[in-house]
Amino acid sequence: MHDRLDHGFMNDESRQYDPDEAALGAALRALPASAPARDAWPEMASRIRRRKVARKAVWFTLPAAFAAAMALTLAWPHLHQRAASPTPPRVAMQTSSPAARPAVPDIGALQASSQQWQAWVQKLDRNGAPLDGRQLTQAVALQDRIGLVDLQLSAARNPSTTAGLWQQRITLLQQLGLLHLQPYLVATQRPANGDHLISM
Amino acid sequence: MPPHPALRPFVVLVHPCSVDTPTNFQQTVDPDLIARLQRGELAAFELIYRRFERAAWTLALRLTGRPDIAHEVLQDAMLKAFERARQYRGDAPFAAWLRKLVVNEALMQLRHDRLHVIEVFDDTLAVDESPAPWMHADAATLERALNRLPDAARAVLWLYHVEGYTHVEIAGQFGRSVSFSKSQLARATRRMRELLQPQLQMEVTPCTIGSTTAS
Numbered sequence: 001m002h003d004r005l006d007h008g009f010m011n012d013e014s015r016q017y018d019p020d021e022a023a024l025g026a027a028l029r030a031l032p033a034s035a036p037a038r039d040a041w042p043e044m045a046s047r048i049r050r051r052k053v054a055r056k057a058v059w060f061t062l063p064a065a066f067a068a069a070m071a072l073t074l075a076w077p078h079l080h081q082r083a084a085s086p087t088p089p090r091v092a093m094q095t096s097s098p099a100a101r102p103a104v105p106d107i108g109a110l111q112a113s114s115q116q117w118q119a120w121v122q123k124l125d126r127n128g129a130p131l132d133g134r135q136l137t138q139a140v141a142l143q144d145r146i147g148l149v150d151l152q153l154s155a156a157r158n159p160s161t162t163a164g165l166w167q168q169r170i171t172l173l174q175q176l177g178l179l180h181l182q183p184y185l186v187a188t189q190r191p192a193n194g195d196h197l198i199s200m
Numbered sequence: 201m202p203p204h205p206a207l208r209p210f211v212v213l214v215h216p217c218s219v220d221t222p223t224n225f226q227q228t229v230d231p232d233l234i235a236r237l238q239r240g241e242l243a244a245f246e247l248i249y250r251r252f253e254r255a256a257w258t259l260a261l262r263l264t265g266r267p268d269i270a271h272e273v274l275q276d277a278m279l280k281a282f283e284r285a286r287q288y289r290g291d292a293p294f295a296a297w298l299r300k301l302v303v304n305e306a307l308m309q310l311r312h313d314r315l316h317v318i319e320v321f322d323d324t325l326a327v328d329e330s331p332a333p334w335m336h337a338d339a340a341t342l343e344r345a346l347n348r349l350p351d352a353a354r355a356v357l358w359l360y361h362v363e364g365y366t367h368v369e370i371a372g373q374f375g376r377s378v379s380f381s382k383s384q385l386a387r388a389t390r391r392m393r394e395l396l397q398p399q400l401q402m403e404v405t406p407c408t409i410g411s412t413t414a415s
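Residue numbers (this note's numbering), protein chains in the order written: chain Y, 1 to 200; chain Z, 201 to 415.
A portion of the hints provided could be inaccurate.
[Unchecked claim] Using 16 Å as the maximum straight-line C-alpha spacing, the simulated EDC-like pairs for lysine to aspartate or glutamate come out as follows:
id	chain 1	residue 1	chain 2	residue 2
1	Y	K56	Z	E283
2	Z	K382	Y	D125
3	Y	K52	Z	E369
4	Z	K382	Z	E369
5	Y	K56	Z	E369
6	Y	K56	Y	D106
7	Z	K382	Y	D18
Hints were generated in silico from the structure; no laboratory data involved.
Could you build all of it, start to finish, from the sequences and the hints given here?
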């Protein structure tokens, strides 16, 4: 970078000396400095504080988001299948031996997992970036589906059905969480304006 | 005591490096203060902000020609200075680094808003041999004329004459050719002459209209 404070004008070989132009330059340089109409520092300080808070939220949510995304990627085929087919898994035949009987998922573990996911989603909802219109619609649709699952859970008696519904609830919560993370994912992918201009 | 009028040409032709620029980016910043800024201390940044606010504002205003855009430029450039302070490695004076941020931000704003409207300069126009009117124009008149220039021409004129950018550097900033920079500078100079000439003529010969109608 050329620093005019160090090098001065005469380093520019293309700068031809013309008395008129030199006079114009001198006249422009002699213009008095101006000042903004109002003190802009409070606005500046406020912007910095807001950005600090937002950044903190991102740093808080990104590791969680990464972990969630990894878990979701690994479990997706299985979870997707369950979410797409709300029909509870078939109950094992009564005549089969205990060893051949399919294991009923641990409902307690599923409930705990559901609680964790819900707490995470609520935290994202409170501290995260606001959703745009389309995302908000999707979020409302997902919340409706979770409400429907909750309704079915309250009526479910069969352990397998209950387990399936809990699993479905977890999947929906994961989808809701990822939806809340979309603004951050978009923000990290967007190049900063004017970065290419700064070459120091 | 004002200098004798006979000394004026010598005052005007003084080497630009020895002239303190009105944007006053020639202040040095204490390395400790920079270190505090790089640690993200808001108090340190406020000191720097206050010290360079006028300089940054003036530069932004001169480049953009509009107070509302200059305000945005000031805010955005200063915010970048705070957030990217760690990128400053001390190769150049801090003030120069900050000034670069302001220039970049101003040109970006202009590019977004209006700079795409660049008037084509006709190189075949004859060179104006009339005496330079800016030598006698007061600051307010000069400032008005500057603000009436097309955006690109004004920005090139200011970067070249006041900030000391070369044509190559200006071309780089605008993402255009060196001949673009040269033609915009020539256009700006010619336009400044046009804008300042009639006013000065009117000031010098206020009875011109009366004498014309009498003949």
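K56/Y paired with E369/Z [C-alpha distance capped at 16 Å]:
Violated: K56/Y and E369/Z sit about 38 Å apart, past 16 Å.
Proposed proximity, D125/Y with K382/Z (alpha carbon, max 16 Å)
Between K382/Z and D125/Y the Cα gap is close to 55 Å, so the pair fails against 16 Å, i.e. violated.
Does D18/Y lie within 16 Å of K382/Z when you go C-alpha to C-alpha?
Since the Cα atoms of K382/Z and D18/Y sit roughly 14 Å apart, the hinted pair holds (cutoff 16 Å).
Between the alpha carbons of K56/Y and E283/Z, is the straight-line distance 16 Å or under?
holds, 14 Å
If you draw a straight line from the CA of K52/Y to the CA of E369/Z, is it 16 Å or shorter?
Answer violated: K52/Y to E369/Z is near 35 Å, above 16 Å.
Taken at face value, is the distance from the CA of E369/Z to the CA of K382/Z at most 16 Å?
holds, 12 Å
Check whether the Cα positions of K56/Y and D106/Y lie no farther apart than 16 Å.
violated, 36 Å
In summary, the numbered hints that this structure violates are 2, 3, 5, 6.
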